[in-house]
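Q: Given next are the chains, with one letter for each unit.
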Amino acid sequence: MPPPPPTHDDVVHSESFLRSLLRRQLGLSAACAATFLAALLGMPLLNYFAPGLMATRVAGFTLSWLLLGVLFFPFVWVISWYFIRRSIALEEEEVLRARRGSSDSRT
Amino acid sequence: MSPPVLLALLGGVDPWIFAFSFVTVAVTIWMGFRSRKTSKTASDFFVAGRSVSVGWNASAISGEYLSAASFMGVAGMVMSSGYDALWYPVCYACGYLFLLLFIAGPLRRFGAYTIPDFAEGRFDSPVFRKIAVCFVLFIGFFYTMPQMKGAGVTLAYIFPGMPYWAGVVLVGAVITFNVALGGMKGITLVQAFQYWAKMFAISIPIFVLMSVVGYYNQHLGANRAPGDPVSAAQVVAGDAAVARKPMPAKAPQDESWIAPFGPLTTKAVNAAAAALPAEQRTAYLAEHQRPYSLLYTYSLIIALVCGTAGLPHILVRFYTNPDGVAAKRTTMWVMILIGIFYVFPPVFGVIGRNLMPELYSGVGAKGTDKVVLELPTLLSTQSSVVGSVLSGITCAGAFAAFMSTFSGLLVSMTGALAHDVYGRMLRPEANQNERLVAFKTAAVLVGSIAIVLGCFVEPLEINFMVGQAFAIAAASYFPLLFMSVWWRGMTMQGAAVGMLTGGLCALGAAALTNFSTLALDKGPMGKIFAGFAPLNSFWAQHPLLRILCEQPAIWTVPLAITLMVVISKLTADSVPGDIRMKMLVLHAPEKLGLKQEYIQEHQAGGGH
Chain L
152 MPPPPPTHDD VVHSESFLRS LLRRQLGLSA ACAATFLAAL LGMPLLNYFA
202 PGLMATRVAG FTLSWLLLGV LFFPFVWVIS WYFIRRSIAL EEEEVLRARR
252 GSSDSRT
Chain B
97 MSPPVLLALL GGVDPWIFAF SFVTVAVTIW MGFRSRKTSK TASDFFVAGR
147 SVSVGWNASA ISGEYLSAAS FMGVAGMVMS SGYDALWYPV CYACGYLFLL
197 LFIAGPLRRF GAYTIPDFAE GRFDSPVFRK IAVCFVLFIG FFYTMPQMKG
247 AGVTLAYIFP GMPYWAGVVL VGAVITFNVA LGGMKGITLV QAFQYWAKMF
297 AISIPIFVLM SVVGYYNQHL GANRAPGDPV SAAQVVAGDA AVARKPMPAK
347 APQDESWIAP FGPLTTKAVN AAAAALPAEQ RTAYLAEHQR PYSLLYTYSL
397 IIALVCGTAG LPHILVRFYT NPDGVAAKRT TMWVMILIGI FYVFPPVFGV
447 IGRNLMPELY SGVGAKGTDK VVLELPTLLS TQSSVVGSVL SGITCAGAFA
497 AFMSTFSGLL VSMTGALAHD VYGRMLRPEA NQNERLVAFK TAAVLVGSIA
547 IVLGCFVEPL EINFMVGQAF AIAAASYFPL LFMSVWWRGM TMQGAAVGML
597 TGGLCALGAA ALTNFSTLAL DKGPMGKIFA GFAPLNSFWA QHPLLRILCE
647 QPAIWTVPLA ITLMVVISKL TADSVPGDIR MKMLVLHAPE KLGLKQEYIQ
697 EHQAGGGH
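So the sequences go chain by chain: L and B. In terms of the numbering used here, the first sequence opens at residue 152 and continues consecutively. In terms of the numbering used here, the second sequence opens at residue 97 and continues consecutively.
Quick caveat, the hints were computed from the structure, so don't treat them as lab data. Every value quoted in this text rests on a predicted model; they were computed, and no experiment measured them. Hints should not be assumed to be uniformly reliable.
[Claimed, not checked] One-sided and incomplete, this derived list gives chain L residues near chain B with beta-carbon spacing under 8 Å: (1) S171; (2) G178; (3) L222; (4) F223; (5) F234; (6) I239; (7) A240; (8) E242.
By construction, the Cβ of each residue, glycine as well, lies at the ideal position given by its N, Cα and C atoms.
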C-alpha cells in the first residue's frame, strides 16, 4: 500500500489514534501478564504458607511438584494462545478503524 | 599424538556412544558446509535474508535456546538440589510469555537487525549503539561458559581418559570453525534439525528407562516428603515400589530434597549457621532459613523470566520472521516446543537420585551434571547394547545442545563485533568482501576467548551459570526493551544509565559469587582463585548479602528501571523529536505501511 503524502493530519497520525492503540495493546498484554504472574509468584507463597497442603501426594507426586514441573506448561500455553488470538483481532480492528477514519477524513 | 597416548585415550570408549556422538557432529558440520554455497552476501549471514517460515523458525529458536543447561544442567541440578531446581525449566519456558506479551511484536515491526540496531533507531544515537553492543558480549560470554562445561563433561564421559580442558578445546574449535564458514543461514537449518535431535534424545531414552526401572511418579514417591507416613514405600502410587540404592553422605535428605526451600536456596543460611556456635544454630536456622529462601526463590524467578526476554541470541531470531503476526505465532510454537521438552530433564534427575546416587560423590566433570549421559547405562544389566545405544543417544543430544547454543551465541557475538564494531565504528566504508573477512576473523576471536573461559569453570554447575547470564540480561536488555517499547518519555541518557548500572551490578555480583565458589575448589582452580577465599567467611557472616549477590535480579532489575525513569524525566528535552512516529511504527499494524513511510521520511530528512 503506497503511503499517503506526509501531511500527517489524518487519523493514523493523530495523537488520539496512538494513545488508543497503546492503551488497548498494553491492556491486553497486562491482563495476560497479571494472570501469569499471579500463578507464578503465588506458587512460592503457597509453598511458604501452606507447606502441608503442597506436600499432599497426588499419584506419587507432591502437589507442589506436579503443579510446577508438569501442569504449569499447559497453563502458559493457554494464556499465550488467548493473547495471540486477541492481539491479531485487535490489529484487524485497528486497520479497519484507521482506513475508515482516512476515508471520512474526520471521525 | 603418539600411538600409546591415542590408545590410552580410546581405551574404555563405548563404540555405540562414540558412533552416535560422531554422527551428530558430522551431520552438523556437513549441513553448515552445504548451506555455505547458498549464503553469499553479508546480509544472508546476519539474519538469513529474513525469509524463514514459522515452523522452521520456531524449531530453530527452540534448538538454539535448549542449551547444555537445559539438556544436562537441569537434570543435574534437580538431582543435586531437588524441588527448587524446578524453577529453572519452568521459567526458561515461561519467560517466553513475557517476550510474547511485551516485546516480540513491536520489535519485529520496528525492523532492525540486532538489539544495538534497535537501540540506535529508537534513540537516534550512534553512541548508545556502542553501549548496547557491550552487553551482547557480556551476556554472550557468560552464557558460553556453561556450554563449554557441557562439552568438557560430555567428552570426558565418552573418552574416560580425556582431561576436561581437552574436551572444551576440541568442541570449541570445531564449532568456531563451522560458524566462521557457515554463517547464520546454515545455522537456521542446523538449529531446527538440532531441536528435533534433542527432543528425540531426551524423550526416547527416558521412556525406555521408565518402562524398565519405574515411572516418574513412582520414583518421586520413593522420596519421603515432610508429613508423609514413616515408611516411604507406603507413599508410592501403585503396587510396585522402586528399589533405591543407599544415599551417600553428600546427598541431601529426602525431606529437604523433595520439598520447596531446599539445599539450593538455603545454602547461604546453612553456611552462616555452620559458622555459629553449635547451641545457636537451631534457633538461627528456624528464624532465617525459610524467609531468606523465599527471597532467593523470587529473585531467581525474576532473573529467569525477565532474562529470557532479553537474550540477544534469541531476540535476533525474531527479525527472521516475515512480519509481526508471524513473530507472535513463532513465539507460541516455541513455547509449546520447549515446554514439552522441559518436562523430561527433571525425570532424569529424579531417577538418578534413586538409582545412581554415587554421582553425588563426584566433583566437576564427574558430578551430577552428567546424569543425563550416564543414566541409560542402567539398562546395561538387561542388555548391554540397549544401555549403550540409549546412552549414545543422550550423548548425541548433549552434543546437539551445546553445539547449537554455542553456535547461536557465536553468531550474535560475532555479528556484534563484525556488524557493529567493525562495520559501523572502525571502517564504515568497508566493502562486502572486507565485511565477510571481518566476520570470520571475529568468529575465531570470540570462539577462542570462549574456550579459554570455559576451561576455568569446571567446578561450577552448568545450570547455575546459565541462570547468571539470565540475571545479567534481565537487568540490562530487558528494562531497555520493555521501557523503550512502551514508554515514549524514555531518553537515550536514561536508557544508557539504567542499562549500564543494572547490567554491570548484576555482572559484578555474579562474577564475585563465582570467584568465591572457585576459591573453594580443591583442584587447580582453588589455587588460581585463592585470593577470593576470605570472601567466603564474609558470606558466612552476611548470608543475606550472599543471596543478593548470587541472585541479584531482585534488586538490579528495579534499580535499572528506576534509573531509566528518573534520568529520562530529568533529561526530558532530549526525547527524540519524531517520537510519535516511532511509537506508531512500533505499535501500529503493519498493514498500515507506516514503516516504509518512516524510512522515506528519515532518508528525505538527511538521516544517516
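Q: Go through the hint on S171 (chain L) and say holds or violated, using the shortest Cβ distance to chain B against 8 Å.
A: violated, 10 Å
Q: Interface hint check: F223 (chain L), Cβ to nearest Cβ on chain B, cutoff 8 Å. Holds or violated?
A: This interface hint holds because 5 Å falls under the 8 Å limit.
Q: Would you settle whether the hint for A240 (chain L) is holds or violated, based on the nearest Cβ-Cβ distance to chain B being less than 8 Å?
A: This interface hint is violated because 11 Å lies over the 8 Å limit.
Q: Any CB of chain B closer than 8 Å to the CB of L222 (chain L)?
A: violated, 10 Å
Q: Hint G178 (chain L) vs chain B: min CB-CB distance below 8 Å?
A: violated, 11 Å
Q: Does E242 (chain L) pass the interface check with chain B, least Cβ-Cβ distance below 8 Å?
A: Where the cut-off is 8 Å and the nearest Cβ of chain B is about 4 Å from E242 (chain L), the hint holds.
Q: Using Cβ atoms only, decide whether I239 (chain L) comes closer than 8 Å to chain B, and label the hint accordingly.
A: I239 (chain L) check passes; min Cβ-Cβ to chain B is 6 Å, inside 8 Å.
Q: Hint validation: F234 (chain L) versus chain B, beta carbon distance must be below 8 Å. Holds or violated?
A: holds, 6 Å
The structure does not agree with the numbered hints 1, 2, 3 and 7 stated previously, though it agrees with the rest.
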